Amino acid sequence: MTDAVRPADPVPPVIIKKYANRRLYNTGTSSYITLDHLATMTRAGQDFQVFDAKTGEDITHNVLTQIVMDGENGGQVMLPVPFLRQLIAMYGDSMQSMVPHYLEAAMTAFGKNQV
Numbered sequence: 001m002t003d004a005v006r007p008a009d010p011v012p013p014v015i016i017k018k019y020a021n022r023r024l025y026n027t028g029t030s031s032y033i034t035l036d037h038l039a040t041m042t043r044a045g046q047d048f049q050v051f052d053a054k055t056g057e058d059i060t061h062n063v064l065t066q067i068v069m070d071g072e073n074g075g076q077v078m079l080p081v082p083f084l085r086q087l088i089a090m091y092g093d094s095m096q097s098m099v100p101h102y103l104e105a106a107m108t109a110f111g112k113n114q115v
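Per the numbering used here, the sequence shown starts with residue 1, numbered consecutively.
A portion of the hints provided could be inaccurate.
[Stated by the list, open to error] Pairwise CB distance ranges (calculated):
(1) ALA105 x SER31: 14 to 24 Å
(2) GLU104 x ASP70: 18 to 28 Å
(3) THR65 x GLY28: 31 to 41 Å
(4) GLN49 x ALA109: 23 to 33 Å
Hints listed in this document are in silico derivations from the structure and should not be mistaken for laboratory results.
None of the values given here were measured: they were computed from a predicted structure.
Think of the CB as a built atom: it goes at the ideal place given N, C-alpha and C, for glycine as much as any other residue.
Please model the entire structure based on the sequences and the hints provided.
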């Protein structure tokens, strides 16, 4: 009987700890980093998770949202006002649970169509 070749295990996400003083610590490199570092990691396709150092809570979503808002506030506007209004209006709507899946699928399709 022959053994099937197994695909390589996916690379585990880098673990980032966020401390009360708002500093971010990359446990993989044993160094403090900034939100700009996390934005660069994201653009490079490097997966990471951010945990509150005190509670252990996964705060990745909050940190990624903060990176997006920093970009928006820095003049790199990608989220037009009408889109933001529509998004806000969806909170509490019966379709709210579908929005994240739809947006993820739309961004995946958009990325695949880039040349």
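Hint-by-hint comparison with the structure:
1. Distance hint for ALA105 and SER31: a CB-CB separation of about 36 Å, inconsistent with the stated range 14 to 24 Å.
2. Range check, GLU104 to ASP70: Cβ separation about 21 Å, and the 18 to 28 Å hint holds.
3. In this structure the hint that THR65 and GLY28 lie 31 to 41 Å apart at CB is violated, the actual value being about 23 Å.
4. With their beta carbons about 25 Å apart, GLN49 and ALA109 fall inside the hinted range of 23 to 33 Å.
Comparing the model with each earlier hint shows violations of hints 1 and 3; every other hint is respected.
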